[in-house]
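Asker: Each chain, letter by letter, is given below.
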Amino acid sequence: MSELLKIDGLKVNYGGIEAVKGVSLTVEEGQIVTLIGANGAGKSTTLRTISGLVKPREGTITFAGENITGMDPTEIVRRGVTMAPEGRRIFPDMTVMENLRVGAYLRRDDLTDDLNRVFELFPRLKEREWQPGGTLSGGEQQMLAVGRALMAKPRLIMLDEPSLGLAPLVVKSIFDIIREINASGVTILLIEQNANMALQVAHSAYVLETGRITMTGTGAELLADDRIREAYLGKKS
Amino acid sequence: MGKTLYTPSEKRAGRVIAVVLLAALYVLLFLLDNVLPQNSFTLMLIPVLKKGAIYSLICVSMNLLNGFTGLFSLGQAGFMLIGAYAYAIFSIPKAQHEAVYQYFHGGVIRFSIPEALQSVLGADLGAFLGAVICIIIAGLFAAGFAALIGIPVLRLKSDYLAIATLGFAEIIRAVFQWDGLGVVTNGSNLLRKYTSFSDIRVGSLRFTTVFPFLIATLCILLIVLLINSSYGRAFKAIRDDEIAAEAMGVNLFKHKMLSFVISSFFAGVGGALLAMYQTTIQAAAFKTAMTYEILLIVVIGGIGSISGSCIASFLFIACNEWWLRFLDSGSFLGVSVPFFRDGFRKVVFSVIIMVVVLFFSRGIMGDRELSFAGLIRRLKRKNTAAPAAADETGGDAS
Chain A
24 MSELLKIDGL KVNYGGIEAV KGVSLTVEEG QIVTLIGANG AGKSTTLRTI
74 SGLVKPREGT ITFAGENITG MDPTEIVRRG VTMAPEGRRI FPDMTVMENL
124 RVGAYLRRDD LTDDLNRVFE LFPRLKEREW QPGGTLSGGE QQMLAVGRAL
174 MAKPRLIMLD EPSLGLAPLV VKSIFDIIRE INASGVTILL IEQNANMALQ
224 VAHSAYVLET GRITMTGTGA ELLADDRIRE AYLGKKS
Chain B
15 MGKTLYTPSE KRAGRVIAVV LLAALYVLLF LLDNVLPQNS FTLMLIPVLK
65 KGAIYSLICV SMNLLNGFTG LFSLGQAGFM LIGAYAYAIF SIPKAQHEAV
115 YQYFHGGVIR FSIPEALQSV LGADLGAFLG AVICIIIAGL FAAGFAALIG
165 IPVLRLKSDY LAIATLGFAE IIRAVFQWDG LGVVTNGSNL LRKYTSFSDI
215 RVGSLRFTTV FPFLIATLCI LLIVLLINSS YGRAFKAIRD DEIAAEAMGV
265 NLFKHKMLSF VISSFFAGVG GALLAMYQTT IQAAAFKTAM TYEILLIVVI
315 GGIGSISGSC IASFLFIACN EWWLRFLDSG SFLGVSVPFF RDGFRKVVFS
365 VIIMVVVLFF SRGIMGDREL SFAGLIRRLK RKNTAAPAAA DETGGDAS
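Protein chains in written order, with the numbering used here: chain A, 24 to 260; chain B, 15 to 412.
So here's chain A without its partners, still in its complex pose (with noise of 0.2 Å):
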């Protein structure tokens, strides 16, 4: 397997503070990757970088071989990497059918295939296709953001939170559609509070503590680490 993504000694500020003090990570092609960790740990600001929102202070990330650090997000996104952010931040006032073709803004081809494939991914999403994205539940606003960033065409798909504030049974569902998405062939890199779904869906993982990397494994160790069953999962060891 070849390494998709790469990440090395990524320091960014973020909000006047130093956000991400040292960050190296890998994707492999084909792979889940989790990275795990607190409220404030500088996960979002990782994911942020990578997308080009946020330019960083030191550190270079890497994708498919070309150095992409300091990109602008267009052109980020037109070599194949999209996310679905923290909070889904769909377009309120857009329908759904308008929100998934924003989500292939910068695609001049044809989405009939692209847009039967997210419908098929989520029934829902076709039965409120003409409905505005603000008047979705939670859960069918997080399957519209990821949604919205699979219609690009992505090589690497990153996903910020998206278990936050959903029920336990969407959650789950969510996970599932996860794990269909990577099993087509694209690349993910999540990044979750909820650490038990999170290292149970995932390859390999990473755990970020005040904005270093503390800690990594596959996903299996991580969960059968005592640590990490203290600190994130709650378990008594």
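Quick caveat, the hints were computed from the structure, so don't treat them as lab data.
A portion of the hints provided could be inaccurate.
Listed next, the in silico DSBU-like pairs over lysine-lysine satisfying Cα-Cα at most 35 Å (straight line) [unchecked claim]:
| # | chain 1 | residue 1 | chain 2 | residue 2 |
| --- | --- | --- | --- | --- |
| 1 | B | Lys171 | A | Lys176 |
| 2 | A | Lys44 | B | Lys171 |
| 3 | A | Lys149 | B | Lys268 |
| 4 | A | Lys149 | B | Lys394 |
| 5 | A | Lys34 | B | Lys171 |
| 6 | A | Lys34 | B | Lys268 |
| 7 | A | Lys78 | B | Lys207 |
| 8 | B | Lys207 | A | Lys29 |
| 9 | B | Lys268 | A | Lys78 |
| 10 | B | Lys268 | A | Lys29 |
| 11 | A | Lys176 | B | Lys394 |
Please build the complex by placing chain B on the supplied structure of chain A, with the hints as guidance.
Answerer: Just chain B now, kept in the frame of chain A:
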């Protein structure tokens, strides 16, 4: 892309109705111009229709920026002024230059586009094409200036953008009134004698009312097409959530600039039409109050609704210039009312506006569009609770 899914047959029927109504409107306008007798009714109706059409275009251009791209800009009067002046300056006949620029030795621009075309194409076609070309030039000047100030101004957000554009509009007004530029702008004096609506004719047939409707319909149609294109989707995405739009690969600055420049182009066209309507223009008239008036119409019509802006424009102009005039006249239905005197119309008007803003804060249309396809559906299924009708069809039926 509307908010309700219509069947192809409903869409087709809606489109047919829109086209038929539009055609009927044009026949009526043509009759008003040529056949129908002039009486006190048509004498009020015709100016209201002309000005309503012009304001529809200007309000839709503002809505493109404020309602669809979410950029709160208050520079509309400034861009209209540029358009009005560019139009007038390039269409004043040579023989009139001495008279118009009487304090500036006839000015420096010594040609007239309609006149030049008239000498080649004949009086009627020359005047028409000349006017159209000058209108396009007017739009281009406004768009060019927008591109220039857009570079610094569009980096500002929300209220600050409004303040900056308002400031620029005032600066434009001051500069155009400056004597130093008098050889081009005629300083603070009137520009007049340029091609106006009454010059648009074929033989003895007049097109004074048809012409502004034609230009306005065409421009609004172009804006509707833009809004329904992928660019329009990007604009709406920026309005709804800038960060998410950026994350989807939408280049924020490029699209804001595009929307700003296009909106200003049509504001310039609107300014040119206003100049044609008034037959004389003066920079002093393009005050901040004019921008507020346009903003008010956009809000009353519904921010994010093209048809709302059009409907509100005609209602606003009709109330302001016609229906509420009796309040100024001192008597009502023959009975003299002591407080009906000059200016009372403005008081009543303000009350109406307050009521609208308080109780219909989303405007007449909200962010929906007038849709004939939706009307058909409603008529067909009166009993079933149909979803809110909303589509773009017929939104241009100004």
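Asker: With the threshold set at 35 Å, check whether the alpha-carbon distance from lysine 176 (chain A) to lysine 394 (chain B) stays at or below it.
Answerer: 41 Å, violated
Asker: Is the hinted pair lysine 44 (chain A) and lysine 171 (chain B) satisfied, with a Cα-Cα distance of at most 35 Å?
Answerer: Status holds; Cα separation ~31 Å.
Asker: Is the straight-line distance between the alpha-carbon of lysine 268 (chain B) and that of lysine 29 (chain A) 35 Å or less?
Answerer: 30 Å, holds
Asker: Between lysine 268 (chain B) and lysine 78 (chain A), does the CA-CA distance stay at or below 35 Å?
Answerer: Given that 35 Å is the threshold and the Cα spacing comes to 19 Å, the pair holds.
Asker: Would the hint linking lysine 171 (chain B) and lysine 176 (chain A) be met if the CA-CA limit is 35 Å?
Answerer: 32 Å, holds
Asker: Run the distance test for lysine 149 (chain A) versus lysine 394 (chain B): straight-line Cα separation, threshold 35 Å.
Answerer: Measuring from Cα to Cα gives roughly 25 Å; hence the hint holds.
Asker: Just to be careful, I want the Cα atoms of lysine 149 (chain A) and lysine 268 (chain B) compared with a cutoff of 35 Å; is the pair within it?
Answerer: Cα-Cα ~32 Å, so holds.
Asker: Taking only the CA atoms, is the gap from lysine 78 (chain A) to lysine 207 (chain B) under or equal to 35 Å?
Answerer: 57 Å, violated
Asker: Taking 35 Å as the top limit, are the C-alpha atoms of lysine 207 (chain B) and lysine 29 (chain A) close enough?
Answerer: Distance ~70 Å between lysine 207 (chain B) and lysine 29 (chain A) Cα, so the pair is violated.
Asker: Is lysine 34 (chain A) within 35 Å of lysine 171 (chain B), Cα to Cα?
Answerer: Holds, at roughly 28 Å.
Asker: For lysine 34 (chain A) and lysine 268 (chain B), compute the direct alpha-carbon distance and say whether it is at most 35 Å.
Answerer: Since the Cα atoms of lysine 34 (chain A) and lysine 268 (chain B) sit roughly 29 Å apart, the hinted pair holds (cutoff 35 Å).
In summary, the numbered hints that this structure violates are 7, 8, 11.
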